[in-house]
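Engineer: Take a look at the letters that make up each chain.
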Amino acid sequence: MGLIYRVAVINQEGQLIYSHEKNTTYPEVEKTFSFPLDIQLKLSNKGNRVMVEFGERDGIKIGHSISAVNGTPVNGPKLSNGTPILDFLSSPENFPLSVKFCRPRFTADEQLTMYSLLYTMYALSANLSPVAGSSGFEQIDGDNFKVNIFQTVTGIKFIVISDLKQQNMEVLLRKMYELYSDVLKDPLYTNNSQPIKNALFDNALQFAIEQFEKNGNVS
Amino acid sequence: MPIFNFYIFNLFCGKCIYYCEFNRRHKGQDFKEKNDQENMLGIVHSLKDFMLRVAPSEVKDPFVSYKTNKTKVHYYETPSGVAFVLTTDPLVGDIRNILQDLHKLVWVEFVVKNPLCDWKQPITSNLFREKVTEYIKSLPCYQ
Chain S
0 MGLIYRVAVI NQEGQLIYSH EKNTTYPEVE KTFSFPLDIQ LKLSNKGNRV
50 MVEFGERDGI KIGHSISAVN GTPVNGPKLS NGTPILDFLS SPENFPLSVK
100 FCRPRFTADE QLTMYSLLYT MYALSANLSP VAGSSGFEQI DGDNFKVNIF
150 QTVTGIKFIV ISDLKQQNME VLLRKMYELY SDVLKDPLYT NNSQPIKNAL
200 FDNALQFAIE QFEKNGNVS
Chain R
0 MPIFNFYIFN LFCGKCIYYC EFNRRHKGQD FKEKNDQENM LGIVHSLKDF
50 MLRVAPSEVK DPFVSYKTNK TKVHYYETPS GVAFVLTTDP LVGDIRNILQ
100 DLHKLVWVEF VVKNPLCDWK QPITSNLFRE KVTEYIKSLP CYQ
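Protein sequences appear in the order of chains S and R. Here the first sequence is numbered in numbering that gives the first Met the number 0, starting from 0 and rising by one per residue. Here the second sequence is numbered in numbering that gives the first Met the number 0, starting from 0 and rising by one per residue.
Everything labelled a hint here was simulated from the structure, so no lab data went into it. Keep in mind that the hints are not guaranteed to be accurate.
Okay, the calculated bits of chain R under chain S, using three or more residues with CB under 8 Å as the criterion [said to hold, decoys possible]:
hint, region
1, 15-25
2, 56-65
FRET-style restraints, in silico, Cβ to Cβ [stated by the list, open to error]:
hint, chain 1, residue 1, chain 2, residue 2, range
3, S, 33, R, 80, 34 to 42 Å
4, R, 113, S, 216, 53 to 61 Å
5, R, 114, S, 108, 43 to 51 Å
Example chain S residues on the side facing chain R (calculated, C-beta under 10 Å, incomplete) [to be verified]:
hint, residue
6, 127
7, 129
8, 132
These numbers come from a predicted model, not from an experiment. A virtual CB, placed ideally from N, CA and C, is assigned to each residue, including glycine.
Given the sequences, and given the hints that come with them, work out the whole structure.
Structural biologist: This is the structure in structure tokens:
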């Protein structure tokens with residue numbers, strides 16, 4: 000029973016035109032704190048969330064962001080009533096309070112930049128190779144997951160992020176290519192810098208992924 | 000199964016402090032060693048960042064290696080800020096333990112314990128060069 004975590008499609012210009020993530024909920028850690036807070040927090044680079052910078056403990060790790068304070072979900076860098084979180088946490092009269100931390104989910108913008116970076120690195124890795132005639136990277140391994148990338152002759156890249164033990168990824172990647180070419184037959188899909196917003200494609204891809212996870216093969 | 004080349008990077012200064020080739024068969028069109036090293040550091044750093052973000056769960060090593068159709072690039076970094084990058088044939092498996100031994104038996108012994116070796120600058124010690132070559136040639140995956 001395999002596991003596919005994410006799939007994505009990047010076009011020739013390096014723009015992300017489709018992305019789908021398996022619906023995993025990241026674990027949240029809630030803890031009560033008294034003044035002063037011994038975890039160092041900082042505003043993320045884009046200013047859209049408050050992240051842990053230093054002071055890992057009890058399941059709260061560096062990079063985790065605040066998702067709720069005193070039970071109410073936060074609104075970016077501010078609480079639901081509009082006060083900035085960092086100000087709220089620096090006044091002693093608000094303590095003791097409980098804060099919930101979890102791994103941040105990425106916004107669409109962040110995903111775009113991430114995948115564009117991948118696109119650039121792909122081109123660079125082909126040039127950097129010590130052996131002639133190398134393609135860009137086809138597989139990137141992590142500790143327990145891997146990223147498989149398939150580039151078509153037209154320069155479209157299909158990306159699947161899956162468990163390390165998953166075999167036979169070319170089958171799923173080629174099936175995605177087939178489904179993508181079906182999207183191109185849609186007369187309303189005019190140029191391929193448009194994101195793919197096709198319900199048939201979504202359903203067919205979901206079905207293909209489920210089949211692949213169960214049988215290791217698609218029909 | 001050949002090993003192509005080997006880089007050591009200092010992640011705090013962002014520089015390549017050691018580079019050697021064993022079997023490099025091809026160089027790009029306007030190949031300059033410095034650019035090649037900077038590009039490799041750039042790729043490895045960006046991939047590490049990408050993998051950290053898309054990792055489905057918290058893992059110890061988000062980025063271990065990447066594979067193209069002709070080469071495989073292995074990456075190993077230590078918390079002290081030293082990163083080893085080794086390019087090999089794509090059929091080589093996971094060699095993290097080999098790189099860990101390289102760190103333990105060669106880097107720590109001949110660079111860290113050497114009072115004249117400053118790891119913020121390129122390593123010029125001949126002893127280190129010999130020991131690295133000896134270690135890599137003794138690997139079973141070296142042709």
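Engineer: A separate judgement is required for each hint: does it hold in the structure or not?
Structural biologist: Tested hints:
| no. | hint | verdict |
| --- | --- | --- |
| 1 | 15-25 | holds (count 5) |
| 2 | 56-65 | holds (count 10) |
| 3 | S:33 / R:80: 34 to 42 Å | holds (36 Å) |
| 4 | R:113 / S:216: 53 to 61 Å | holds (55 Å) |
| 5 | R:114 / S:108: 43 to 51 Å | holds (49 Å) |
| 6 | 127 | holds (5 Å) |
| 7 | 129 | holds (4 Å) |
| 8 | 132 | holds (6 Å) |
The structure agrees with every numbered hint stated previously.
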